[in-house]
Structures are given as structure tokens and as C-alpha cells.
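> Sequence order for the protein chains is A and B.
Under our numbering, think of the first position of the first sequence as 4, with each following residue one higher.
Under our numbering, think of the first position of the second sequence as 1264, with each following residue one higher.
If you are wondering where the hints come from, they were derived from the structure by calculation, not from laboratory data.
Do not rely on the hints blindly, as some may be mistaken.
[Claimed, not checked] Computed from the model, here is a short list of chain B residues facing chain A with C-beta under 8 Å:
id	residue
1	1376
2	1382
3	1384
This structure is a prediction, so every number in the text was calculated from the model and none was measured.
Cβ atoms here follow ideal geometry from the backbone N, Cα and C, with glycine treated the same way.
Next come the chains, spelled out residue by residue.
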Amino acid sequence: MASARTVQLVYLARLRERFGKSGESYELPEHVNSVAALMRELASRGDAWAHELAPGRAFRVAVNHAVAHPDTPVAPGDEVAIFPPVTGG
Amino acid sequence: MAVRVQHEDFDIARETAALRANDPRVGAVALFVGTVRELNDARAVTTMTLEHYPGMTEKALEAIVAEARERWDIYDALVIHRVGELKPMDQIVLVAITSAHRGEAFAACQFIMDYLKTRAPFWKKEQTPQGARWVDARASDDEAAQRWASER
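Chain B extracted, bound-state conformation:
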């Protein structure tokens, strides 16, 4: 299990290969990759700056992954989140899960993303032709995370 906060891009194929290397129990790998959209709320995004709270971020991500491991029978988990300046189409976040079967891998992957969206201290600031603006939190993200609490 690993969480990484980094400026550099990541290579999905390499990360996936490393995650399941030497583990013949693995029968399923689920991946989620979040990327920068060129349009957000009808405004063109020229660049996006991602800020985080060093010290808390890693702890928050580790706690989310630990909770996923308690809920589902997964073998390994990897979360990579980029910070700094990104452009449309750039990769922002990777969540990768290995397990014996797809159900556990899919569920754990979605859970980690839903909780990351509402609990991990990252903030996006968009540069647009009309000026810079901080991205607002979405109520739908809170609802997505809340769903897991009621399913418990």
C-alpha cells in the first residue's frame, strides 16, 4: 500500500505492473485516472494549479486506503495525486487496486476516489481567459461519499 503526492506525471502501465508484481493471488486490477478537462462550468481552463496541505495530505490518504482495506478483501492499493501546475488533458490522480476478483477491486477503487474528493486536503485553482478562480466543492461529491456511510 502506498500513497504519493508529487509534481511529476505518472506512467499507468509501469505503476500497474509494479503493483501486481510477484503476487500471483491477483486476479483483478481496477484503475481510476482523473484528468484535467478543458472546460469547467462553461469556462475554458488554460491551466490548473493544485495545492495541498503537506503533512496532512499523506495522512488523510493513508487513512482512506486503510478504511478501504478494512471493508474489502483487497491485496494492494496505490494512490498518486499530482500537485502544482497542470494543463487540460494532464493526468491528476491515479487509484489502483489489486484483488482476487473484480467486485472488491471496483468497489474499493470507487470508495477511495469518493472519499478522496471530500476528505483529502487538495484545492484546485483554474486560470481561465476571464481570470483565475478557485474551484468550488460540489454537493454531489459529498453525496457520493455519504452513500458509503449508509451502506456500511
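Excised from the complex, chain A in its bound form:
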């Protein structure tokens, strides 16, 4: 049962393999309201999270299917995807 502060996290491509899952329901801490804050929170898990989401690492974030920036707001109910720079075409 999803609580009122749940966001859906999605991991794609190389980051899905590094994190060992394609996504998860995540309980958004009260103080986390932006992409940058969420990335810091996830990086604090350590291991692959700390390594891949460290400042300066090349990764991209989308909130509700739109490209996001560090100051993009994140709110309960959002879908937040984390992925490597794209390589299609």
C-alpha cells in the first residue's frame, strides 16, 4: 500500500544494472523536495549509489517523463527516472 509520500523511482540502462533493479517505490523524506536533494539522499545509501550519483558523474534525471535539472521540484506521486547520457540514433 503506497503511502502519501511515495515516489516511483525508475532506473534505466547501465544504471539499472549497477543498482540491481529497474525501479522501486520510495518514501520521500520530508526535507527532500528537489532532484538535487533526492540524489544526495540516494547517494547516502553508499556503494554503487554513492559512486554513480556523486557530484560530477554523468547521469540524467527525468521527472514525470520530462528532462529535469538539479532544482526541479520533486513531490509525492512523481515518477523520477535516473539514467546515463542517451546514445540512440
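Since the structure of chain A is provided, determine the placement of chain B on it from the hints.
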């Protein structure tokens, strides 16, 4: 205007015919087709797997096409991008544009490809005799997309 993400191959002749059917204003059709190379960064590619982010991909492609339509006077646009497992020489992507004259069609076609390379959520993983590897994004792709921002 249409964007499609699909596993199946596409028929360039059929897609082009459909795009300009019943539109006698069209005097130019520009096409770009991207294909799988047998060699990438000096390693043989046996298969390539293309992954995408369902839900975002179509939106991202539609936004790119909409921006092209704002910048150039084109009649119609089609983007097809394949996903799943591909082999060397397979077709990956088709961008087709119709317009009255070639200049607009060429420019819109190149713009859409340059933006697709840096904004559409697709990822390539190559299987090589030395093992599997995710393809790295190229700085030259960012520069190609950036060029359009400065030309605006």
C-alpha cells in the same frame, strides 16, 4: 506528423510514399537512415541491444519534431526508432521530412537527428567478442545539438 518506437524493421519506400501521399504541395523529401556498424571503437559488434524509456521516449520525440516544425516550414515529419536486438547492417532509425523545397527538408531532418541523439531516451548496449558494453555518449553529439541553439 508521427513518431513510432518499434521492434520491427521499416520499409523506407513504403514509409516515404505514405508520408507524401495526397499532398501535392510537396516538392522535397529528405530522409536520414541510421544503421548498425560492424565496428565501433575498434571492436567488432556481434549484436546491439537498444533500450528505451517507455512513456518518455514518444514524448521526447514529439517535442523534438514540434520544435522542428516551429523553426522550418515543413509539411510532415516521420520518426521511427527501433528497439530490441539488432545486428550489423540493420536499420535503427528513420527520419523523413516533406516540404516544398529541399533547404527546409534537409535542415529539419538534420536538426531532428541531432536533437534525438542527445535528448531522446535510448541506450545502446553492444555485444562484442570481448564481452558486452554500454555505448558511451559522445561529446561530438552534444556539440552537434548545441550548434542549433546558437543558430537560433
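> For a quick check of understanding: which of the numbered hints are violated here, in increasing order?
none
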